[in-house]
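**Student:** So the sequence lines, in the order shown, correspond to chains A and B. Just so you know, numbering that gives the first Met the number 0 puts the end of the first sequence at 593, numbered straight through with nothing missing. Just so you know, numbering that gives the first Met the number 0 puts the end of the second sequence at 599, numbered straight through with nothing missing.
Be aware that one or more of the hints could be misleading.
[To be verified] Listed next, the in silico PhoX-like pairs over lysine-lysine satisfying Cα-Cα at most 20 Å (straight line):
id: 1; chain 1: A; residue 1: Lys-481; chain 2: A; residue 2: Lys-337
id: 2; chain 1: A; residue 1: Lys-450; chain 2: A; residue 2: Lys-493
id: 3; chain 1: B; residue 1: Lys-119; chain 2: A; residue 2: Lys-214
id: 4; chain 1: B; residue 1: Lys-131; chain 2: A; residue 2: Lys-481
id: 5; chain 1: B; residue 1: Lys-212; chain 2: B; residue 2: Lys-200
id: 6; chain 1: B; residue 1: Lys-119; chain 2: A; residue 2: Lys-218
id: 7; chain 1: A; residue 1: Lys-493; chain 2: A; residue 2: Lys-333
id: 8; chain 1: A; residue 1: Lys-481; chain 2: B; residue 2: Lys-5
id: 9; chain 1: B; residue 1: Lys-131; chain 2: B; residue 2: Lys-5
id: 10; chain 1: A; residue 1: Lys-214; chain 2: B; residue 2: Lys-5
id: 11; chain 1: B; residue 1: Lys-338; chain 2: B; residue 2: Lys-119
id: 12; chain 1: A; residue 1: Lys-302; chain 2: A; residue 2: Lys-7
id: 13; chain 1: B; residue 1: Lys-344; chain 2: B; residue 2: Lys-119
id: 14; chain 1: B; residue 1: Lys-119; chain 2: A; residue 2: Lys-219
id: 15; chain 1: A; residue 1: Lys-214; chain 2: A; residue 2: Lys-333
id: 16; chain 1: B; residue 1: Lys-119; chain 2: B; residue 2: Lys-131
id: 17; chain 1: A; residue 1: Lys-481; chain 2: A; residue 2: Lys-450
id: 18; chain 1: B; residue 1: Lys-5; chain 2: B; residue 2: Lys-200
None of these hints come from the bench; they were simulated from the model.
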Amino acid sequence: MNVFRGLKQFFWQDKGFLLGAVLGLAAATALGLVYPKLLGVLIDDMIVPGEYEGLVGLALLAVGVVVVKAGCQYVHGFCGGRVGNRVAYRLRNVCYEKLQVLPFSFYDSARTGDLMSRLTADIEGIRNFIGFGFAQLLNTAFLVLFGFTMMGLIDWQLMLLTLALIPVLSYIAIRFELNIHPVFRAIRAAVGRLTVSVQENIMGVRTVKSFASEKHEMKKFEAGNQHYRDNYLALAAVWAKYFPVIEFVANLTVALLLLVGGIRVIGGSLTLGELVSLNGMLGMIVAPLWTLGFQINNYTQSKAAGERLLELLNQPVTIRNPEHPIVLDDKEVKGHLKFCDVSFRYPNHEHQPSALVNFNLDAPPGSIIGLLGGTGSGKSTIVQLLLRAYDVGEGAITLDGADIRLLELTSLRRQTAIVFQESFLFSTTIRENIAYGRSDASDEEIVEAAKLAQAHDFIMELPLGYETVVGERGMGLSGGQKQRIALARALLLKPKILILDDSTSALDMETEQRIQQSLRQVMAGRTTFIIAHRISSLRHADEIVVLDRGHVIQRGKHEQLVRQPGLYRETYRTQYADRPDELEPVAEGRRVSG
Amino acid sequence: MSRQFKYQDDEVILKSFNWQSMTRLFAYLKPYRSAVVRVVFVMTVFGMMTKLAIPFLISLAIDRAIDPKNGQGSVPLLLGLIASMLALYALRWWAQQYTIRQTNVIGQNVITDLRTALFKHIQGLSFRFFDKRPAGSVLVRVTNDVNSLQDLFTNGVINSVIDIAQLIGIVVILLLMQFKLGLAVMVTVPLMFVVSSTLRKRIRFAWQTVRIKQSRINSHLNESIQGIRVTQAFAQEQENIGFFDGMNRSNIRSWNFASALNQLFGPVIEVTSAVGTLILLLYGTHLIRYEGMTVGLLVAFITYVSYFWEPITRLGQMYSQLLISMSSAERIFEYMDEKPIVAEKPDAAQLPDVRGHVRFEHVVFGYESDRPALKGIDLDIRPGMTVALVGHTGSGKSTFVNLLCRFYDTVEGRVLIDGTDVRDVTLDSLRSQIGIVLQDTFIFSGTIRDNIRYGRPDASDAEVEAAARAVRAHDFISQLPDGYDTEVQERGSALSMGQRQLLSFARALLADPRILILDEATASIDTETELRIQEALGTLLENRTSFIVAHRLSTIRHADLIVVLDHGVIVEQGTHQELMRLENGYYRGLIDAQYRFLSA
Numbered sequence: 000m001n002v003f004r005g006l007k008q009f010f011w012q013d014k015g016f017l018l019g020a021v022l023g024l025a026a027a028t029a030l031g032l033v034y035p036k037l038l039g040v041l042i043d044d045m046i047v048p049g050e051y052e053g054l055v056g057l058a059l060l061a062v063g064v065v066v067v068k069a070g071c072q073y074v075h076g077f078c079g080g081r082v083g084n085r086v087a088y089r090l091r092n093v094c095y096e097k098l099q100v101l102p103f104s105f106y107d108s109a110r111t112g113d114l115m116s117r118l119t120a121d122i123e124g125i126r127n128f129i130g131f132g133f134a135q136l137l138n139t140a141f142l143v144l145f146g147f148t149m150m151g152l153i154d155w156q157l158m159l160l161t162l163a164l165i166p167v168l169s170y171i172a173i174r175f176e177l178n179i180h181p182v183f184r185a186i187r188a189a190v191g192r193l194t195v196s197v198q199e200n201i202m203g204v205r206t207v208k209s210f211a212s213e214k215h216e217m218k219k220f221e222a223g224n225q226h227y228r229d230n231y232l233a234l235a236a237v238w239a240k241y242f243p244v245i246e247f248v249a250n251l252t253v254a255l256l257l258l259v260g261g262i263r264v265i266g267g268s269l270t271l272g273e274l275v276s277l278n279g280m281l282g283m284i285v286a287p288l289w290t291l292g293f294q295i296n297n298y299t300q301s302k303a304a305g306e307r308l309l310e311l312l313n314q315p316v317t318i319r320n321p322e323h324p325i326v327l328d329d330k331e332v333k334g335h336l337k338f339c340d341v342s343f344r345y346p347n348h349e350h351q352p353s354a355l356v357n358f359n360l361d362a363p364p365g366s367i368i369g370l371l372g373g374t375g376s377g378k379s380t381i382v383q384l385l386l387r388a389y390d391v392g393e394g395a396i397t398l399d400g401a402d403i404r405l406l407e408l409t410s411l412r413r414q415t416a417i418v419f420q421e422s423f424l425f426s427t428t429i430r431e432n433i434a435y436g437r438s439d440a441s442d443e444e445i446v447e448a449a450k451l452a453q454a455h456d457f458i459m460e461l462p463l464g465y466e467t468v469v470g471e472r473g474m475g476l477s478g479g480q481k482q483r484i485a486l487a488r489a490l491l492l493k494p495k496i497l498i499l500d501d502s503t504s505a506l507d508m509e510t511e512q513r514i515q516q517s518l519r520q521v522m523a524g525r526t527t528f529i530i531a532h533r534i535s536s537l538r539h540a541d542e543i544v545v546l547d548r549g550h551v552i553q554r555g556k557h558e559q560l561v562r563q564p565g566l567y568r569e570t571y572r573t574q575y576a577d578r579p580d581e582l583e584p585v586a587e588g589r590r591v592s593g
Numbered sequence: 000m001s002r003q004f005k006y007q008d009d010e011v012i013l014k015s016f017n018w019q020s021m022t023r024l025f026a027y028l029k030p031y032r033s034a035v036v037r038v039v040f041v042m043t044v045f046g047m048m049t050k051l052a053i054p055f056l057i058s059l060a061i062d063r064a065i066d067p068k069n070g071q072g073s074v075p076l077l078l079g080l081i082a083s084m085l086a087l088y089a090l091r092w093w094a095q096q097y098t099i100r101q102t103n104v105i106g107q108n109v110i111t112d113l114r115t116a117l118f119k120h121i122q123g124l125s126f127r128f129f130d131k132r133p134a135g136s137v138l139v140r141v142t143n144d145v146n147s148l149q150d151l152f153t154n155g156v157i158n159s160v161i162d163i164a165q166l167i168g169i170v171v172i173l174l175l176m177q178f179k180l181g182l183a184v185m186v187t188v189p190l191m192f193v194v195s196s197t198l199r200k201r202i203r204f205a206w207q208t209v210r211i212k213q214s215r216i217n218s219h220l221n222e223s224i225q226g227i228r229v230t231q232a233f234a235q236e237q238e239n240i241g242f243f244d245g246m247n248r249s250n251i252r253s254w255n256f257a258s259a260l261n262q263l264f265g266p267v268i269e270v271t272s273a274v275g276t277l278i279l280l281l282y283g284t285h286l287i288r289y290e291g292m293t294v295g296l297l298v299a300f301i302t303y304v305s306y307f308w309e310p311i312t313r314l315g316q317m318y319s320q321l322l323i324s325m326s327s328a329e330r331i332f333e334y335m336d337e338k339p340i341v342a343e344k345p346d347a348a349q350l351p352d353v354r355g356h357v358r359f360e361h362v363v364f365g366y367e368s369d370r371p372a373l374k375g376i377d378l379d380i381r382p383g384m385t386v387a388l389v390g391h392t393g394s395g396k397s398t399f400v401n402l403l404c405r406f407y408d409t410v411e412g413r414v415l416i417d418g419t420d421v422r423d424v425t426l427d428s429l430r431s432q433i434g435i436v437l438q439d440t441f442i443f444s445g446t447i448r449d450n451i452r453y454g455r456p457d458a459s460d461a462e463v464e465a466a467a468r469a470v471r472a473h474d475f476i477s478q479l480p481d482g483y484d485t486e487v488q489e490r491g492s493a494l495s496m497g498q499r500q501l502l503s504f505a506r507a508l509l510a511d512p513r514i515l516i517l518d519e520a521t522a523s524i525d526t527e528t529e530l531r532i533q534e535a536l537g538t539l540l541e542n543r544t545s546f547i548v549a550h551r552l553s554t555i556r557h558a559d560l561i562v563v564l565d566h567g568v569i570v571e572q573g574t575h576q577e578l579m580r581l582e583n584g585y586y587r588g589l590i591d592a593q594y595r596f597l598s599a
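Turn these sequences into a full structure, and let the hints guide you.
**Tutor:** Right under this line is the structure:
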């Protein structure tokens, strides 16, 4: 129950509804037991002695009981639905808010599918349990208690006789639950396997078709499909094994009652009406016991769901505002960035070498900083540290002289705009995607930003122009087009610091060249960080930093670096090794003179 | 302006179901006809009969053995009756086991068949089909839409037959046992039908709204998790939280409404059935009093009447289920009706092993009829040549490749390989001789080894390794934790772009096609890998006809022939030296621009 104590804040404010759900069901149950009793009275007190005066009253009473019972049932359903929904609403909001503020380091190891299932299936589990499962579990207890008490009041010996079968029934129901549990898990895995096989086939359709491997794919799919079917048949087998037995045992109690009760009626120690009453009550008690296995399952599942939700909610937010944050005034910020002896190691990578070691950099307003290096060299780390996606391990990063850890987080991030390596577009119009960072931007500003990012022309060629819906389910754009929209999104902010994380890789050289021209215009007096593998992208930087495994191995301007032996010159040679000799002196000459 | 995301909704089902799709869907039951007949027989005869016989036996026990009108009760008779009850229970046990097993076998087989048919059909469809649709929506048809038919085929159809049989059975028994009382009690049945179907219809619509809103929430959640870095970098957390709260609130409001309505169902049916109870008690007692009806009969009636309500509710649920299933079925059939635009001729021959002589004869093609992508291409490539295709986006380079592999058919003209029209041979024999290395390498889940072997599943481990060595991929592979047996997940996301590219080279080399098409990656790759790729290219291109959609100057320069495309027309062709000699040449312009850029 610890889990539910943890979740108490989400449902306890609705204790009225919770009480309504429980009491409604309990009352309905109790009233349900009255009906067989009335039947007994009808037989014993009216039909057998032939005295029919109270008949209409009794019939109306029976109808009244049914109507009130239905009312109570509704109170249970209504209250249960309400409390469940409210809990789901609150939990979903709180989880969503948590997801918004969890740091990058959390997302480095989190999987989308897992988070999704917490926010959907797990919340659903809690909704059902708090709303209904909890009341039903209590109700089963009530019913057994009430039912056997009422039976005992009529005839305690018969009550004890039938009571003996309850443990048997419960045992089978619980066995059933234990057996079916692993099957459900196997089914979930089979569904996953089938989905992956289909998903890969569709997403990799070009590869599949170009290797003419449809037959191979078909075989892979059929294996997954059969596996799925076999698991469902295994489920049916468990079901077929237990369900009829449970019903058989339940029926057995009825037969037993009829036999022993019948003999006693013949012997005169029990009336016919009493037997009919007992028979009716027994039927009502046995019904929920069948589902005992499910109820227990429901409880354990929702407990596990609650644990997973609490785990998410208790995730530490490692990047947070200091106690007395300095709120930056957008107009005052100059954008002077400094890295002073910064070292950093990724969380959860303690056994690996540091991602960045004693890194120093001075980026005055108006400068362009280029970063070059292979995978794992630390260039992306630098960018993430300055966004405060992570906090530095040692050293400090300062903006206009102030340690960025002392700044209010939102106001820091408002000064920067980043274009990520993988351009992410949201499912909305191109206009909204560009305006993502500034929802108050005017149409003119949006078009302006798109023009700067060389995106306006292709956008206007789309049937709906800026109103075209993009994103996962929308219109497909090429990699280069997505990159340009992402760039427009960043440029619209007119940030003090612009970061391009390998974000022009899918563009052809001419487009990139035009973009560089617009950047020069927009970013005058502002700071730009460019991460790239292409020399052409880095060529104009005021300072190019070449990194390898977290260490700076070279730094300087393009002209200096091409003259030094090292990674920069190698890269240059690889990309321009084929450079026609006839052009070389011309280019050199121009550079010297310019 | 507040935040707005747009998610595509499922359609709202307003109509009643489409009979045509239903007939088509039920045709999948045909192979299992005899099994269906057996199950229905067992369940109606043994399952239903036993269920309906029990209350009758109990009434006999009461009237004849326990409390006969005249005379003493009889214990032996009671024992006999209870023994026959037990026999019926045992029979029912067996019948239920049989039914559960068989209905599931039939249902799961139908679902498996349907899914296989759909998947097979989709496999045969052309690129245009996939180009038009996001991968997710195709996936949903093969998985969710097919799954939603599962209940219909495992329980739904067969149970409905049984439910109808049970209803008829009860009616017959009631009328036989006590005609007048039976008739009187049955007054409530139409009432129950009317009440339940009206209510259920409203409930269905209410849940539909909930479902639509729920799926919007799910889309948004998924997207906001994947785009979280953008959100945080642009400090949009608060705006998103506001948007989500609105979404969540509206979802809960619909849910509250649907749930309140849904919870009404049980109680309303119960109140309706109270009318039956009233009739039963008053008129039943009247019949006992004046017409000598027995108490046992009254008890049996009470039981039978309570049996009414179960099949009626289930049939109502079944109807809702059927509506949902039919919309899934329609979506499935929509795909099944898609025709592949590139179809094999019925008399298509196997393309024999080719030498690699490729010929385009006045090829005209357009993806849409009014926008030609290639406007009359003539080209003759001798076996073993390396051809670089150069041009801007939209110049027709990719179209050229698509036609060569026959992913599309030409509108005019022909594509010939060793003198054979590609439309005259089987797709399999054509494509298995052409290898393609795509810009974005697709990595399947499985081991590195499986991925390299993709084009030739029967290759030995030694061959796999030899191919990897030849394209310089061996080094990085052996540094992975499990070498060639390393499992790659989530489309190889742990590998770098360049490493994926090397893997696809190995894959292509192992398949050893006569004709190779290489779509060079534009994306930048770190220097070390870049060097390897350039070395590997040499190995890959040896001894085969190759077409390269080229971006790298080095590749272009070393080609035997450079074909420059612009707006669907070949504007220049020749070697690098030849083309560089053309004053004001298109190619020369492109090359010059790149160097100007570097040195500007």
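**Student:** Name the hints, by number, that the structure is in violation of.
**Tutor:** Numbers 1, 10, 15, 18 - these are the hints that the structure violates, sorted from lowest upward.
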